[in-house]
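Student: To convert, note that position 62 of the sequence shown is 62 in the numbering used here; the numbers rise steadily by one, no gaps.
Since the hints were made in silico from the structure, they are not lab data.
Just so you know, not all the hints are guaranteed correct.
Taking lysine-lysine pairs in the BS3-like style, the calculated list, with each CA pair at most 25 Å apart, reads [claimed, not checked]: (1) LYS45 <-> LYS100; (2) LYS45 <-> LYS94; (3) LYS165 <-> LYS100; (4) LYS314 <-> LYS290.
Pair ranges (Cβ atoms, derived) [unchecked claim]: (5) THR261 <-> GLU18: 27 to 33 Å; (6) VAL50 <-> GLN164: 47 to 53 Å; (7) THR261 <-> PRO58: 20 to 26 Å.
Glycine included, each C-beta is placed from N, C-alpha and C at the ideal position.
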Amino acid sequence: MDEILAELQRDADAYCNETADVSAWQRAILNRLNDYVALVIQPFKLRVRVLVIQQILPQRIEIRVSGTSVVTVVFAPSEQLAGEVAFLRACALKQLPVPKIIHADITYNFLPVGFVIYNHITGTAVLDVEDATLQRMAARQVGRTLRVMHTLPMPGWGWPTSLQKWEIRDWRSALQRWFRDTDGIAQLQSPAAAPILTRFWQEIIQDDIMVNIEPSCIHGDLQMQHVYVTVHSHVQLEGVVRPGLIVAGDPMFDLAATMRTANSLAFRQGIIEGYTATVPLRPDEVIRIKRLAIVWRIYDLLIDNSVDEHVLLKSISTALDGLSE
Numbered sequence: 001m002d003e004i005l006a007e008l009q010r011d012a013d014a015y016c017n018e019t020a021d022v023s024a025w026q027r028a029i030l031n032r033l034n035d036y037v038a039l040v041i042q043p044f045k046l047r048v049r050v051l052v053i054q055q056i057l058p059q060r061i062e063i064r065v066s067g068t069s070v071v072t073v074v075f076a077p078s079e080q081l082a083g084e085v086a087f088l089r090a091c092a093l094k095q096l097p098v099p100k101i102i103h104a105d106i107t108y109n110f111l112p113v114g115f116v117i118y119n120h121i122t123g124t125a126v127l128d129v130e131d132a133t134l135q136r137m138a139a140r141q142v143g144r145t146l147r148v149m150h151t152l153p154m155p156g157w158g159w160p161t162s163l164q165k166w167e168i169r170d171w172r173s174a175l176q177r178w179f180r181d182t183d184g185i186a187q188l189q190s191p192a193a194a195p196i197l198t199r200f201w202q203e204i205i206q207d208d209i210m211v212n213i214e215p216s217c218i219h220g221d222l223q224m225q226h227v228y229v230t231v232h233s234h235v236q237l238e239g240v241v242r243p244g245l246i247v248a249g250d251p252m253f254d255l256a257a258t259m260r261t262a263n264s265l266a267f268r269q270g271i272i273e274g275y276t277a278t279v280p281l282r283p284d285e286v287i288r289i290k291r292l293a294i295v296w297r298i299y300d301l302l303i304d305n306s307v308d309e310h311v312l313l314k315s316i317s318t319a320l321d322g323l324s325e
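Can you make the complete structure from the sequences, with help from the hints?
Tutor: Written out as structure tokens, the structure reads:
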């Protein structure tokens, strides 16, 4: 076990040495990764054979632990994990294909970072499936899963605190806070930006469109890399992973997320086919998807550090002008 942990730490040290943009919280975890992993898995007596750094993403570090069973350990800031825990617990009520929580501590009582342990999701990300027909088949299954997921009520909007308290008062506030938490929003503080941003929120999140919406369980950032499948003569959905920060809100937020051009046309078509297999979209839902697709378009620009304020403001204005067409 000591040698396995030492090898994991060597991999973590190599990543820190070779990667320029390691954040402070990531470095704090990676510098003591062997200690932290040993602490969180020790109570489960897994007879560990292999420890692998599975993913290092801006908001999470994932470790695959293989032993008597295979589990995934996720380290992340508690605000991010608080929503994920709420999402996974809600989906468990309907036995949806998401990871099952084995243990979670997001209050920093045990470590200086939140962590969750859940069963490992096998398979391949749909992003790595080349056949468009298989992508579409997988997406249909995801669409049907979303339809069930969106029937699950949530106790509040956006995401909870680390103590699972829901403090965001409405859908508009959840979206605005989500935007403010992006690095790119600092680019939109000039006098020229103020009236465009005001128009953006007034036209996108209109009260008459949102008046009857109640918070539902949503994934909050569904993309092809978040869907895992196994492929044989057919494709089988294994799990939907890595929810976004927003896990409670308008279900159409999820559909708008899947319609982003980063997802293939086959995947986008399959999502809608699966979602509408039993019940078609209502006219007001189509309107909300159109508006929330603009929210996603601007959000993706905000997190692109190569896009300057002029491009951002022009993109917002052009998108809003398109609403009236």
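Student: Next, verify each hint and record whether it holds.
Tutor: Do the hints match the structure? See the list:
{"no.": "1", "hint": "LYS45 <-> LYS100", "verdict": "holds (18 Å)"}
{"no.": "2", "hint": "LYS45 <-> LYS94", "verdict": "violated (29 Å)"}
{"no.": "3", "hint": "LYS165 <-> LYS100", "verdict": "holds (21 Å)"}
{"no.": "4", "hint": "LYS314 <-> LYS290", "verdict": "holds (18 Å)"}
{"no.": "5", "hint": "THR261 <-> GLU18: 27 to 33 Å", "verdict": "holds (31 Å)"}
{"no.": "6", "hint": "VAL50 <-> GLN164: 47 to 53 Å", "verdict": "violated (33 Å)"}
{"no.": "7", "hint": "THR261 <-> PRO58: 20 to 26 Å", "verdict": "holds (21 Å)"}
In this structure, the hints that do not hold are numbers 2, 6, in rising order.
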